[in-house]
Amino acid sequence: MKSNKKLLFSSILLTSFLPFSIVSCVQKGKNNDEVKKQELSIKIGAKISELHALDKQTNEPKYSEINAQIKVELAKHNNKSLKDLTAKELSRIFSDLTVFIATVNQKIKTINDLKPELGEPSSPEKGNDNGSQKPPKEGDGNLQTPPTDKPELPIWPPTFPKINNSSKHTYPEYASKFKKVGSNVLYNEIFDRTFALKFASKQANGSFISNDKGTGWLLDYHKYKSNPNKYKLFIATNLHVIGNFSNSLSDELNKKLNYEDPVKDKVVAVALGKAKNKPTEFSALPNNTADQEANKNKWIAKYYTNSNELVDYDKREGVTDTMQSSGISKPKIVFAAYDFMKKESMQKYQSDLQKSAEQWHEYLKNSGTIDEDYKKPMFDAYFKGDKHIGVMVDFAVFEVDVDLSSAPEELKEWVNNAIKALDSYIDRLEKTDILPNQNKQISKYMLTTDYVSAAKNEKNENNLYNIQNIFIGGYPFGHKHGMWVINNPIERNSENITSYHRSPVNAKTFALPTDNHESKLEFGNNLGIYGNTWRKLMAQWYGYHHNINFSSLYYGASGSLVYNEFGQMIGIYDSVRANVNSGDLLQTGGFAPFIQSSDINGVTGDTLYAYNLIDGTDKTKFAHQSNSFRENLRIIYPNGFENGEKTTKLFDKGF
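Per UniProt numbering, residue 1 is the first one in the sequence shown, and the count goes up by one each step.
No wet-lab data here; the hints were simulated from the structure. It should be emphasised that the depicted structure is a prediction, and the values quoted were computed from it without experimental measurement. Mixed in with the good hints there might be a few duds.
What the hints assert, rightly or not - No farther apart than 20 Å at their CA atoms in a straight line, the calculated lysine to aspartate or glutamate pairs in the EDC-like style are these: (1) K230 to E410; (2) K621 to E631; (3) K365 to E89; (4) K278 to D321.
Please put together the full structure from these sequences, using the hints given.
Listed below in structure tokens is the structure:
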């Protein structure tokens, strides 16, 4: 994943005033400029000193929320070594701290001006589990990063809906009617649907670059009638994973969808990868052993790509497991969860967003760190345009055509297994009588009521608002290679270990406790600026984000599919705590849900409007949403794929 310039590092998205550290799943390039690294380390130290001063300044009840965010940010940098980071990474950390501090100062001013009737938080609450109200922040890479040692949160206004803390890690009695699916079944299905990803772009100056890596999974597919061996695969991943996935559509479509990169770079290659060996079973491993087990069992990814240039590029980097295949096409973007809400729904936030963006620009300009390749053209396009900053969620879908008659047997097996796994997923849901949070008359493939809406607006015996067990599998990066890793280490079911602050022993701790979410708009405008995809300034992020336990997959796993224990896909993995070590699964991770099923009113009067990233076509529910995966299929393929065909696995009656 990638990182950006805004407030806190939190979930996979970047943000402006969030209390976490975002960490992305994309590997960074090397930079050996030691002098610059030393200078940046000194500057970072000075910013951390400023944070300590702000920590003292906000040590009174009315600043409780901000102070909690500051403490989380400080904890992220506590005892953190900077010596092994590149100059580029250090520069991003420094920029993030600068923006975060500026945002904190602005928030302090806002609170000082706050009218009493809005309800100021009072003294700290002692029993609030898992810091559910704190939003995520951007960071280096683009993953959200929730902390383990979270500060006490303030008592919210009396109008704020609360759920009894004792129920955070228990299901209501009626949950027994929902049928759980075995972990081996779910991990096997996730494995087959999932690919390790790499991309490559041709820059406007002719150079070839490949630095975006992550995890993706088969969301949907179309089978060509003219060629029974040909499929159009729709693969989902994080938006920050495709940061250089530029200008893949026609100029007209790029402009219409607001997906154009102003410097005319163009994505030219994709590589689809899988573990060399598929696990024979998906048993839990001891924590901190995933790397060793992946190497020992050859769960290291090999790749097939459409591009000989990418094969040669990888060889120069010492990677020899990338093969070219004529059976794979160039990739194209289909949907990015960027600027997907109608402009009028975001208009009230534009002044603050523009101010933050322009403060960042001023800082970069004054410090001489506005690079000619990326940030300068990004800001040039911003100042020449209408300055509207669209909001984002860390989700995107790209397509690739695969002709299995031209593919090697191994790739053919991967694709066939992915298709069978998606078919099996939908078939299982269709045959399950009762599913939590899912009205199958509305959707056969995903939740129709999200967990936050279930808790706030739609409490009934058809819905749950927490999850005991979550299942994730992806390809975090080791030494130049993606490797297959699953969540839930052996310690997850320990009766003696407590891995999370204010939680019961692991065996009784829920993967997603009740109310363990955060939002950028529920407690006022905390939207931040993200600037690491397509040279666009984006507001991060919209809706709610969930922080989860036993699931801190390392960088590279960004974009992984998230299942609940009832076998439903519920979101996309996009963040991990910044200081996580590879193989440590007992930190905190995060995922972005696919849907917010109802409008939710925030404490300070802001409304978070309903959206559905997969299918937002029902405008009686998603009136404030402009684009979704299905809606973009209609825009990109108004006449269908071939011979008027508009059917896919998800939309079997036509999109």
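Quick rundown of the hints versus the structure:
1. K230 to E410: holds (16 Å)
2. K621 to E631: Between K621 and E631 the Cα gap is close to 15 Å, so the pair holds against 20 Å.
3. K365 to E89: Between K365 and E89 the Cα gap is close to 18 Å, so the pair holds against 20 Å.
4. K278 to D321: holds (16 Å)
Checked against the numbered hints listed earlier, the structure breaks none of them; every hint is satisfied.
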